[in-house]
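Novice: What follows is each chain in one-letter form.
There are 2 protein chains.
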Amino acid sequence: MSEWREISGNVTAAKGYKAAGITAGLKPSGAPDLALIVSDVPAIAAGVFTKSCVRAACVDFNRQVLQSGVKVKAILVNAGQANASTGEEGWRNAVECAELVQKALGIEEGVMVASTGVIGKQLRMDLMRPGIVKVAEALSAEGGDNAAKAIVTTDTVTKSIALEGTISGHTIRIGGICKGSGMIHPNMATMLAFVTCDAAVAPALWQDMVSRVADNSFNQVTVDGDTSTNDMLVALNNGQSGAPEITDAASPEAKQLEAMLTEVGVYLAKAIARDGEGATCLIEVTVSGASDQAAARQIAKTIVGSSLVKSAVFGRDPNWGRIAAAAGRSGVYFDQNKLNIHLGEFVMMADGSPQDYDRNAASNYLKNPTVQIAVSVGDGDGVGTAWGCDLSYDYVKINAEYTT
Amino acid sequence: MSEWREISGNVTAAKGYKAAGITAGLKPSGAPDLALIVSDVPAIAAGVFTKSCVRAACVDFNRQVLQSGVKVKAILVNAGQANASTGEEGWRNAVECAELVQKALGIEEGVMVASTGVIGKQLRMDLMRPGIVKVAEALSAEGGDNAAKAIVTTDTVTKSIALEGTISGHTIRIGGICKGSGMIHPNMATMLAFVTCDAAVAPALWQDMVSRVADNSFNQVTVDGDTSTNDMLVALNNGQSGAPEITDAASPEAKQLEAMLTEVGVYLAKAIARDGEGATCLIEVTVSGASDQAAARQIAKTIVGSSLVKSAVFGRDPNWGRIAAAAGRSGVYFDQNKLNIHLGEFVMMADGSPQDYDRNAASNYLKNPTVQIAVSVGDGDGVGTAWGCDLSYDYVKINAEYTT
Numbered sequence: 588m589s590e591w592r593e594i595s596g597n598v599t600a601a602k603g604y605k606a607a608g609i610t611a612g613l614k615p616s617g618a619p620d621l622a623l624i625v626s627d628v629p630a631i632a633a634g635v636f637t638k639s640c641v642r643a644a645c646v647d648f649n650r651q652v653l654q655s656g657v658k659v660k661a662i663l664v665n666a667g668q669a670n671a672s673t674g675e676e677g678w679r680n681a682v683e684c685a686e687l688v689q690k691a692l693g694i695e696e697g698v699m700v701a702s703t704g705v706i707g708k709q710l711r712m713d714l715m716r717p718g719i720v721k722v723a724e725a726l727s728a729e730g731g732d733n734a735a736k737a738i739v740t741t742d743t744v745t746k747s748i749a750l751e752g753t754i755s756g757h758t759i760r761i762g763g764i765c766k767g768s769g770m771i772h773p774n775m776a777t778m779l780a781f782v783t784c785d786a787a788v789a790p791a792l793w794q795d796m797v798s799r800v801a802d803n804s805f806n807q808v809t810v811d812g813d814t815s816t817n818d819m820l821v822a823l824n825n826g827q828s829g830a831p832e833i834t835d836a837a838s839p840e841a842k843q844l845e846a847m848l849t850e851v852g853v854y855l856a857k858a859i860a861r862d863g864e865g866a867t868c869l870i871e872v873t874v875s876g877a878s879d880q881a882a883a884r885q886i887a888k889t890i891v892g893s894s895l896v897k898s899a900v901f902g903r904d905p906n907w908g909r910i911a912a913a914a915g916r917s918g919v920y921f922d923q924n925k926l927n928i929h930l931g932e933f934v935m936m937a938d939g940s941p942q943d944y945d946r947n948a949a950s951n952y953l954k955n956p957t958v959q960i961a962v963s964v965g966d967g968d969g970v971g972t973a974w975g976c977d978l979s980y981d982y983v984k985i986n987a988e989y990t991t
Numbered sequence: 588m589s590e591w592r593e594i595s596g597n598v599t600a601a602k603g604y605k606a607a608g609i610t611a612g613l614k615p616s617g618a619p620d621l622a623l624i625v626s627d628v629p630a631i632a633a634g635v636f637t638k639s640c641v642r643a644a645c646v647d648f649n650r651q652v653l654q655s656g657v658k659v660k661a662i663l664v665n666a667g668q669a670n671a672s673t674g675e676e677g678w679r680n681a682v683e684c685a686e687l688v689q690k691a692l693g694i695e696e697g698v699m700v701a702s703t704g705v706i707g708k709q710l711r712m713d714l715m716r717p718g719i720v721k722v723a724e725a726l727s728a729e730g731g732d733n734a735a736k737a738i739v740t741t742d743t744v745t746k747s748i749a750l751e752g753t754i755s756g757h758t759i760r761i762g763g764i765c766k767g768s769g770m771i772h773p774n775m776a777t778m779l780a781f782v783t784c785d786a787a788v789a790p791a792l793w794q795d796m797v798s799r800v801a802d803n804s805f806n807q808v809t810v811d812g813d814t815s816t817n818d819m820l821v822a823l824n825n826g827q828s829g830a831p832e833i834t835d836a837a838s839p840e841a842k843q844l845e846a847m848l849t850e851v852g853v854y855l856a857k858a859i860a861r862d863g864e865g866a867t868c869l870i871e872v873t874v875s876g877a878s879d880q881a882a883a884r885q886i887a888k889t890i891v892g893s894s895l896v897k898s899a900v901f902g903r904d905p906n907w908g909r910i911a912a913a914a915g916r917s918g919v920y921f922d923q924n925k926l927n928i929h930l931g932e933f934v935m936m937a938d939g940s941p942q943d944y945d946r947n948a949a950s951n952y953l954k955n956p957t958v959q960i961a962v963s964v965g966d967g968d969g970v971g972t973a974w975g976c977d978l979s980y981d982y983v984k985i986n987a988e989y990t991t
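Residue numbers (my numbering), protein chains in the order written: chain Z, 588 to 991; chain B, 588 to 991.
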């Protein structure tokens, strides 16, 4: 029995959050490109960042904020320039942006910054300076939708969710927005996600939850292995629900909060995969029987990231040999005689041997908006899921014809 | 000064080798699909095989042959069915094929087998049995071209090379053929390469050379990370040149032989990349300044394997930010402030900062048949090169519209 339900809303669904999204002029298209998310009271913050050693200035800046342990009141997000591969000037610009937010809001608490867009171009500070003033003035409790619109790049839809539950007799809410098109992007491979929550929780416990949830959701979306220079998930928690602080990781309250956070993460991750550039369907791969969860996740992510598998799905070709081959090269050892592959209800391979199946029916199954692939590799307890999309002509078109 | 030169020919260029390629009927197209390479005298054999744990029967079979230490007289190669994911029946078929070759040739020495084609389909033994008799009857010293034709799948050209040099006053020759289209394949991700040589060399030294050469050539071709179930390089050496046996790895003779073998490997590897499915150009990425060769090779392979980089090259977009991003996520740590990126003669990034360059001229450079990307990441001695091709509409077409 779920102790929570989905409600309409996003990063302003939880108590004590405002947001805004405006056009600062950073995108040549004139679409909204600057967002601000603010907590009325100082919030604890947790984050997960790209592992790339070529990192945007905002990634290094936010890591410093988290390491300092200060409470956070605001997240500024721009689209248009990624502020990655921009050297010292890029770093100074990130610092100035955070200071401008503090000034505009009249606060001294921490500010986090995030960027997405073209790599190797400096932030348009001439536009950012007035833009930050303008976006701060636009803040409202209904501004989450505008924020969601201002952080997208090649996304075809905005992505947001909110959940409401009860913890210790108090109504708590958690909401999130993200951007990303599931696969790599023209100049902007970036996945950005922002989550706000009003439950109270010990900071270290919040970071643990956020890290685990990232591993099971955002980190399981295929971006062609193209970890961006800017990828980040930042989650604020301001305790404004009035619920008592959760301090015990083993408590039912902690488990419920993590389950809700997981639902938010998985929903947003799937939304990214489904909106993959040129995608015609969502592919969900679940691996079981691995030695542990990490092994299962790795195999699942390898399968869903295989161009071989992706293009077969786009061609509606139930070519399960490609699934077997991808599993085999994942880097996780398993006994190929224990390999089982299901495509929807169709059994393609059992205990390492090919099975007879209705080829036409299996091809038709691949016309569904969501394609499910289930693989088992042995007798272990490890289960993991990954999400991706098919590889279409439009993917190449979007990525080849985009011009810097 | 090179002590060798390129000559016309292939696997029958070295002394004491015959080959043949015929149509056994394994390919629905009726194209040649069965090849046999034979040494007149027992040869030492070395091999490098797929690291996938989902392996074709031929891979396991050949590993056993090598481990047994027997000398080898023949390699049988079929295209059409990969004999991978075929369970016990697949293994029995591989064993039977080798036995049929022994019978057809009247030999007791080792026979190696290789397959490429659809995964999950049993070998058509009804066609293999008469085919093996027929291909053995067709053997000749001029049969190398026919063998090269019979091992291809989606390749648009056959790939072969031969070199002649002098070692210890004796003329020695080394030749090779391979198949593979550089990127992943419809049902047949396989890269197969076969090399023959008439120099005499100690078996362990030959295996060491072959392994090192594979690391610097075939293993540096991008196949989208899609290690196949069937990948293999097998190299025979029969000593028929009359040159004295090379036993000292540090000798000039050993170094020359390895240099010749490297040239064969790199030539064939580049031929695979250039013939990538849908490719319009060859991309060569050289990384320097890494801590060691393996690190440099890993960064180079990550860059050339990035769909982001590949599609930018196809779009003639000098989008160097994608190169920086790919280098950063390669798994090799480096200081991003020491990153330098050259595209041909154009300097795109120096010491971590973007540089001004002529965008139109750089875009024109990308219209060359070979595109060279040079990246340095620090002050180390490690240098490595990888080869790949661009990502085009035709790639998706070939892979999505192919039907099992």
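In short, the hints are calculated from the structure, not lab data.
Careful, some of the hints might be misleading.
Any copy will do: because identical chains look the same in the list, a pair fits if it lies in one copy or spans two.
[As the list claims (entries may be wrong)] List time: in silico DSS-like cross-link candidates among lysine-lysine, alpha-carbon distance up to 30 Å:
#1 K954 - K614
#2 K721 - K842
#3 K708 - K721
#4 K658 - K638
#5 K954 - K925
#6 K708 - K954
#7 K925 - K638
#8 K708 - K925
#9 K954 - K984
#10 K925 - K984
#11 K721 - K690
As the structure is a computational prediction, the values presented were derived from the model and not from experiment.
Novice: The structure should be examined with respect to each hint, and the outcome stated for every one.
Specialist: A quick look at each hint next to the structure:
no., hint, in the structure
1, K954 - K614, "between (36 Å within a copy, 29 Å between copies)"
2, K721 - K842, "neither (40 Å within a copy, 69 Å between copies)"
3, K708 - K721, "within (23 Å within a copy, 64 Å between copies)"
4, K658 - K638, "within (24 Å within a copy, 48 Å between copies)"
5, K954 - K925, "within (29 Å within a copy, 48 Å between copies)"
6, K708 - K954, "between (41 Å within a copy, 24 Å between copies)"
7, K925 - K638, "between (33 Å within a copy, 18 Å between copies)"
8, K708 - K925, "between (50 Å within a copy, 18 Å between copies)"
9, K954 - K984, "both (22 Å within a copy, 18 Å between copies)"
10, K925 - K984, "neither (40 Å within a copy, 33 Å between copies)"
11, K721 - K690, "within (12 Å within a copy, 85 Å between copies)"
In terms of the numbered hints stated before, the structure departs from hints 2 and 10, listed from lowest to highest.
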